[in-house]
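2 protein chains.
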Amino acid sequence: MSKFWSDYPIIEKEIDAVSSIIAKNAKCKDKVIESSILDLLNSGGKMLRPAFTIIASKFGNYNEERSRALASVMEMFHMATLVHDDIIDEAEFRRGKETVQSKYGKNYAVYIGDFLFCLCFRVLATTSSIERGIDVDTQVMSRICLGEIEQLNSRFDKNVSVKDYLKRTSGKTAELFSLSLYIGAAESSCDKKICRLFWNIGHNIGMAFQIIDDILDYTATDEELGKKSGNDLKEGIYTLPLILAMKKNPSVFENILNKDNYSNEEIDMIINIVKNNNGIDDAMKIANKYSQKAFRDINKLPDNEYRDILLGVVTKLLERSY
Amino acid sequence: MSKFWSDYPIIEKEIDAVSSIIAKNAKCKDKVIESSILDLLNSGGKMLRPAFTIIASKFGNYNEERSRALASVMEMFHMATLVHDDIIDEAEFRRGKETVQSKYGKNYAVYIGDFLFCLCFRVLATTSSIERGIDVDTQVMSRICLGEIEQLNSRFDKNVSVKDYLKRTSGKTAELFSLSLYIGAAESSCDKKICRLFWNIGHNIGMAFQIIDDILDYTATDEELGKKSGNDLKEGIYTLPLILAMKKNPSVFENILNKDNYSNEEIDMIINIVKNNNGIDDAMKIANKYSQKAFRDINKLPDNEYRDILLGVVTKLLERSY
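Quick note, the sequences are listed as chains A and B, same order.
Using the working numbering, the first residue of the first sequence is number 1, and each one after it goes up by one.
Using the working numbering, the first residue of the second sequence is number 1, and each one after it goes up by one.
Hint data in this document are derived by calculation from the structure and do not stem from the laboratory.
The C-beta atom is built at its ideal place from N, Cα and C for all residues, glycine as well.
Where hints are given, some of them may not hold.
Beyond 12 Å from chain A on every Cβ pair, some chain B residues (computed) [claimed, not checked]:
(1) S6
(2) G96
(3) A109
(4) K158
(5) G230
(6) R296
(7) I298
(8) L318
Beta-carbon label-pair distances, calculated as ranges [stated by the list, open to error]:
(9) A:K13 x B:K163: 43 to 49 Å
(10) A:E90 x B:P9: 47 to 53 Å
(11) A:K285 x B:K27: 34 to 40 Å
(12) B:K103 x A:G44: 37 to 43 Å
(13) B:K289 x A:G96: 50 to 56 Å
(14) B:K289 x A:E90: 43 to 49 Å
(15) B:G96 x A:S35: 39 to 45 Å
(16) A:T126 x B:N304: 51 to 57 Å
(17) A:S35 x B:N261: 26 to 32 Å
(18) B:E90 x A:E254: 33 to 39 Å
(19) A:E98 x B:N255: 34 to 40 Å
(20) A:K3 x B:K24: 32 to 38 Å
(21) A:N264 x B:E90: 28 to 34 Å
(22) B:K103 x A:E98: 28 to 34 Å
Let the hints inform the model, and build the full structure from the sequences given.
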């Protein structure tokens, strides 16, 4: 497991319990299916989404069994999208470990992702409280898929705007952060104002988190990332640092970004141009704006131990350099 | 639309309404997403699963809006699995039309399938009656994915038994037929005995239907199928005709089925050996057993117009040669 939560044993314990639920759901006669899901589960992800569900659920009438089950849904949905993303990226490694598609083949990864989607809806259907319904959850999940498709459609498109980027990021990342916090609060019967506040906190954490992730693709080493750096660029995914640098100095990119395939030397060159045109710093400024909004809203939450935990982990998360 | 239902205008009208629901759900700012779903919807599928949901719902307190919505869920789930199956098969054509993966690429097909899964759960979550819950539905959906994975894992495995084949077929095809009928009956408050009867009818229709489908891969022309015949064999999917022929005459297959790639000539040769060893006739006998069971149970249903329709279409379906 990731050491991310080691300063918060109370959350670490919950995450262990959530992992056990996922492992139990992955139990399967077919040992390859089971072990590929367990591999993914134990690959050292930070388990942010389930932790957020647990934390938010502590602000209301905490129901251990239900909160943990819903937390597992958030992680299984995330895992399903990761498995399918790795097919698209033809990624060999994630978090330093071989991906499902690399180990068992693309075809297998398609179905393992589908199986995870079904598992996630199954647990959601059996644990959500009847009053609340799961229409919000399933709407969010649709929007996440749309975000992925938008990203795919805008590959190698040098006309992508900051607005396009923010919209896509909102869909593919921030929505699930919002849902993870919201579902925890709503299912423990927090009042509507608190639920909405959690939704917004999730959005702003998610936006800042994804922008920082995209910056790290430009600045971190392969070892720090657990996968190849410059990978987004290679895949034609133009993220905020590049978009901002292009906006500042369009002419320098004119003759570079007109293909749909870059050599490693070209990638290094583009990364340097982005850095020289303040792409990293300007992107960081936007990430900070989202972070500040998140912190402002977290401070509006009722003052308790879990608010402090949330403040602590969000600080840690948004200041990470790996 | 397929002409399959033209003798039953009462069902044809319902299917039109179900198609409109799917089209409405597919509405999307991104026109490529929308049109790829509409292409699939209008590609001339028989819309069996939604028709079954409608028919079964007529045996209870028929609620037009709810039955049609649930019928659309059955078809959207089916569409999602088709899009993903075509990735695995690298299929260029389905029902004589270009597949999503062939037209827009594999990556796109992964996400379009995911989007359809999410749509399907979304409609399910918002229309299922609260009392019934959707745990049965989501369990079935998981089992369907497992059936697909099992099929994938048993590719080019010449030790696959009749039992393995029937189990896999039950998962990947019959379960959704069962669910389509069951959900219609259960959501219109039929009594439990009738719901169970529909479940069994769906199982037996589904088994017979899939066996016949697998036989057609050996006997029909490309034009009749709307895709390449012999495709299962080429993909290493050993179906009932081959399994039965192997059982009857193992030695003749010994030196043929020991690779994981066949030329067109080898495919033709295997098809002939299967035919010469009664693989087709013996498989047809098993299909007929399932058909008989289905007819026996349909006759146990309350005598009404919809029972007659069900008898009529199942006869037509199980006697088809295309």
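Against the structure, the hints:
1. Every Cβ of chain A is farther than 12 Å from the Cβ of B:S6; the closest lies at roughly 34 Å, confirming the non-interface assignment.
2. Chain A leaves B:G96 outside its interface by the beta-carbon criterion, the shortest separation being 24 Å against a cut-off of 12 Å.
3. With a least CB separation of 9 Å from chain A, B:A109 falls inside the 12 Å interface cut-off, contrary to its annotation.
4. Listed as outside the interface, B:K158 is consistent with that label: its C-beta sits roughly 19 Å from the nearest C-beta of chain A, beyond the 12 Å cut-off.
5. At roughly 19 Å from the closest C-beta of chain A, the C-beta of B:G230 stays outside 12 Å, upholding its exclusion from the interface.
6. Chain A leaves B:R296 outside its interface by the beta-carbon criterion, the shortest separation being 31 Å against a cut-off of 12 Å.
7. With a minimum CB-CB distance of about 29 Å to chain A, B:I298 clears the 12 Å threshold, and the non-interface call stands.
8. Once the 12 Å rule is applied to beta carbons, B:L318 is consistent with being away from chain A; the minimum gap is 28 Å.
9. One distance hint, 43 to 49 Å for the beta-carbon pair A:K13 and B:K163, holds here, with the actual separation near 44 Å.
10. With their beta carbons about 50 Å apart, A:E90 and B:P9 fall inside the hinted range of 47 to 53 Å.
11. At about 37 Å, the beta-carbon gap between A:K285 and B:K27 stays in the expected band of 34 to 40 Å.
12. With their beta carbons about 38 Å apart, B:K103 and A:G44 fall inside the hinted range of 37 to 43 Å.
13. Our hint of 50 to 56 Å for B:K289 and A:G96 holds, since their Cβ atoms are close to 53 Å apart.
14. In this structure, B:K289 and A:E90 meet the distance hint of 43 to 49 Å, their C-beta atoms being roughly 46 Å apart.
15. Taking the beta carbon of each, B:G96 and A:S35 are about 40 Å apart, inside 39 to 45 Å as hinted.
16. The hinted range of 51 to 57 Å is not satisfied by A:T126 and B:N304, whose Cβ atoms lie roughly 34 Å apart.
17. Take A:S35 and B:N261: their Cβ atoms lie about 27 Å apart, and the range 26 to 32 Å holds.
18. Between B:E90 and A:E254 the beta carbons are some 38 Å apart, a value that agrees with the proposed interval 33 to 39 Å.
19. The given range of 34 to 40 Å is respected by A:E98 and B:N255, whose C-beta atoms sit roughly 36 Å from each other.
20. Our hint of 32 to 38 Å for A:K3 and B:K24 is violated, since their Cβ atoms are close to 48 Å apart.
21. Taking 28 to 34 Å as the suggested C-beta distance range, the pair A:N264 and B:E90 conforms, at roughly 30 Å.
22. Checked against the given bound of 28 to 34 Å, the beta carbons of B:K103 and A:E98, roughly 31 Å apart, stay inside it.
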